[in-house]
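Trainee: Listed below, chain by chain, are the residues.
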Amino acid sequence: MIEIRDVSKSYGATPVLKGCSTTVAKGEVVVVCGPSGSGKSTLIKCVNGLEPFQQGRIVVDGVSVGDPATNLPRLRARVGMVFQHFELFPHMSVRRNLALAQVQVLGRSAEEADARGLKLLDRVGLAAHADKHPAQLSGGQQQRVAIARALAMDPVCMLFDEPTSALDPEMIGEVLDVMVELAREGMTMMVVTHEMGFARQVAQRILFMDQGEIVEDSPAGDFFAAPKSQRAQLFLSRILHH
Amino acid sequence: MGEFDFSVWGPSLPFIRDGLLFSLRLTLIAMTGGIVIGTLLALARLSPFKPLSLAAGAYVDTMRSIPLVLVILWFFLVIPFLTGKPVGAETSAIITFTAFEAAFYCEIMRSGIQSVPRGQVWAAQALGLTPAQAMLNVVLPQALRNMLPVLLTQSIVLFQDTSLVYAIGAKDLLKAADVVGKNYNRPVEMIVLSALIYFAICFSLSLAVRQLQKRVAIVR
Ligand SMILES: Nc1ncnc2c1ncn2[C@@H]1O[C@H](COP(=O)(O)OP(=O)(O)O)[C@@H](O)[C@H]1O
Ligand SMILES: [Mg+2]
Numbered sequence: 001m002i003e004i005r006d007v008s009k010s011y012g013a014t015p016v017l018k019g020c021s022t023t024v025a026k027g028e029v030v031v032v033c034g035p036s037g038s039g040k041s042t043l044i045k046c047v048n049g050l051e052p053f054q055q056g057r058i059v060v061d062g063v064s065v066g067d068p069a070t071n072l073p074r075l076r077a078r079v080g081m082v083f084q085h086f087e088l089f090p091h092m093s094v095r096r097n098l099a100l101a102q103v104q105v106l107g108r109s110a111e112e113a114d115a116r117g118l119k120l121l122d123r124v125g126l127a128a129h130a131d132k133h134p135a136q137l138s139g140g141q142q143q144r145v146a147i148a149r150a151l152a153m154d155p156v157c158m159l160f161d162e163p164t165s166a167l168d169p170e171m172i173g174e175v176l177d178v179m180v181e182l183a184r185e186g187m188t189m190m191v192v193t194h195e196m197g198f199a200r201q202v203a204q205r206i207l208f209m210d211q212g213e214i215v216e217d218s219p220a221g222d223f224f225a226a227p228k229s230q231r232a233q234l235f236l237s238r239i240l241h242h
Numbered sequence: 243m244g245e246f247d248f249s250v251w252g253p254s255l256p257f258i259r260d261g262l263l264f265s266l267r268l269t270l271i272a273m274t275g276g277i278v279i280g281t282l283l284a285l286a287r288l289s290p291f292k293p294l295s296l297a298a299g300a301y302v303d304t305m306r307s308i309p310l311v312l313v314i315l316w317f318f319l320v321i322p323f324l325t326g327k328p329v330g331a332e333t334s335a336i337i338t339f340t341a342f343e344a345a346f347y348c349e350i351m352r353s354g355i356q357s358v359p360r361g362q363v364w365a366a367q368a369l370g371l372t373p374a375q376a377m378l379n380v381v382l383p384q385a386l387r388n389m390l391p392v393l394l395t396q397s398i399v400l401f402q403d404t405s406l407v408y409a410i411g412a413k414d415l416l417k418a419a420d421v422v423g424k425n426y427n428r429p430v431e432m433i434v435l436s437a438l439i440y441f442a443i444c445f446s447l448s449l450a451v452r453q454l455q456k457r458v459a460i461v462r
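First to last, the protein sequences are chains A and B. For the first sequence, position 195 (counting from the first letter as 1) is numbered 195 according to this note's numbering, and the numbering increases by one without interruption. For the second sequence, position 9 (counting from the first letter as 1) is numbered 251 according to this note's numbering, and the numbering increases by one without interruption.
Hint data in this document are derived by calculation from the structure and do not stem from the laboratory. Note that the structure is a prediction, hence the values are computed from the model and not measured. Take the hints with a grain of salt, since some may be wrong.
[What the hints assert, rightly or not] With the Cβ distance kept under 10 Å, some of the chain B side facing chain A (calculated, not the full set):
(1) P359
(2) T372
(3) Q375
(4) P383
(5) S405
(6) A409
[Said to hold, decoys possible] Sample of chain B residues with no beta-carbon within 12 Å of chain A, all distances over it, derived:
(7) L319
(8) R387
(9) Q396
[Stated by the list, open to error] Negatives, chain B to chain A, calculated, CB over 10 Å:
(10) P256
(11) A286
(12) G326
(13) T333
(14) Q402
Note that the Cβ used here is the ideal one computed from N, Cα and C, for glycine as well.
In isolation and in its complexed conformation, chain A is listed as follows:
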């Protein structure tokens, strides 16, 4: 589903990704972790072309992201993305947040988009909040709306960039619950997170990144039992004891 091969990227002279390679198979859940500044966000944004990269190749569902001929908006419409700071559109109701891209990008009718949106809101437990504005919702609720908004496009895979890092601790669970359910239904997911409980529960593989490199790419069981690299061991012990 997602194939990343030898991807390198730099800002000016500063390399941020150095020869990253991995694949995410259909239905697989891959968790990406690593210290702050290691390039996790950059890597995941390269997958849907929000960040350009200078070298290597990324293919998503058969489409090459870096190819200048690729219609990026069309590709992105099929790849859901959830951000650390939710990024709901603050000037629109929840309902319109969900309908906007369905209408403008997929060409659905307003009624169809609204019905689909409401169904997904219901699924994340927020149908009652359809006519509120994002600012009237808690962080956890906003993030669940953001997930519903991405799902309303019927994506073939989902990217998450630290979806719970900006949340108060008591709201992390409600967002992770939605993500676990999504994983159980077979959604292909690439998730940047430090929630190791979530990773243990649903991830097939763990990528550990440090200084722009994918230092470790292991089945989840192996990673938690015994990380191969010293850097990953150190990182794991830090976040598990924090």
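Add chain B with the ligands to chain A, keeping to what the hints say.
Mentor: Same frame as chain A, but now just chain B with the ligands:
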């Protein structure tokens, strides 16, 4: 002289009303046109296409470097030359103010567009919106909302500046007061009246903008 006679205010009112209506009309047209053109200029300035952004930047900097009175006079002389037929002072004033204010609204809209967090653009594009769709549906509405108090404050200044069309003889509020003042030989009383009207309108609008500013600040 020495004694003021404000009884002239009564008979002057029909003229003053017509002058005021023109001043308001000029303000509203220049404001609407200026914001639309200013937004287009802002998009041009932010465009990655260098010739476009340079051209827009040159236009804005030129307008902002010339005193408004000179632009008013200059347009009044140049527009008939370009169009081949004379235009009235009022039409010339409308064109001039729209073109001049667009430069100021451009800078306001530019900082408004830049005030929208990058994550909003990412989120819009991640949903498959094209850059143009993202700009239209996500960035511009937020830029407008964030900048509304500043845009309105600029428009109050614009209303005051419309008194400069006096220089080309357009019949605005100030000109009406001037004409009546001369006819009745009561120039000072009429200047006082026009000043009071400008003050009353601008002061109450400023208060309204301040209220709005509080509301917008809370919503965000
Ligand atoms: N726009 C940018 N310009 C320059 N450097 C950047 C930019 N964005 C990110 N970086 C750098 O790239 C590195 C990786 O950032 P990021 O992918 O956000 O890391 P992570 O998500 O793992 O914390 C960091 O060192 C960061 O400072
Ligand atoms: Mg990050």
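Trainee: If a hint holds in the structure, say so; if it does not, say that too.
Mentor: Here is what the structure says about each hint:
1. P359: It holds, given that the least Cβ distance between P359(B) and chain A is near 8 Å, below 10 Å.
2. T372: holds, 5 Å
3. Q375: Nearest chain A Cβ about 5 Å off; hint holds.
4. P383: It holds, given that the least Cβ distance between P383(B) and chain A is near 5 Å, below 10 Å.
5. S405: violated, 36 Å
6. A409: violated, 41 Å
7. L319: holds, 44 Å
8. R387: violated, 6 Å
9. Q396: holds, 21 Å
10. P256: holds, 44 Å
11. A286: Holds, since 22 Å exceeds 10 Å.
12. G326: At about 44 Å from chain A, G326(B) clears the 10 Å cut-off, so the statement holds.
13. T333: holds, 37 Å
14. Q402: With a cut-off of 10 Å, Q402(B) remains clear of chain A, as the shortest Cβ separation is near 31 Å.
The structure does not agree with the numbered hints 5, 6 and 8 stated previously, though it agrees with the rest.
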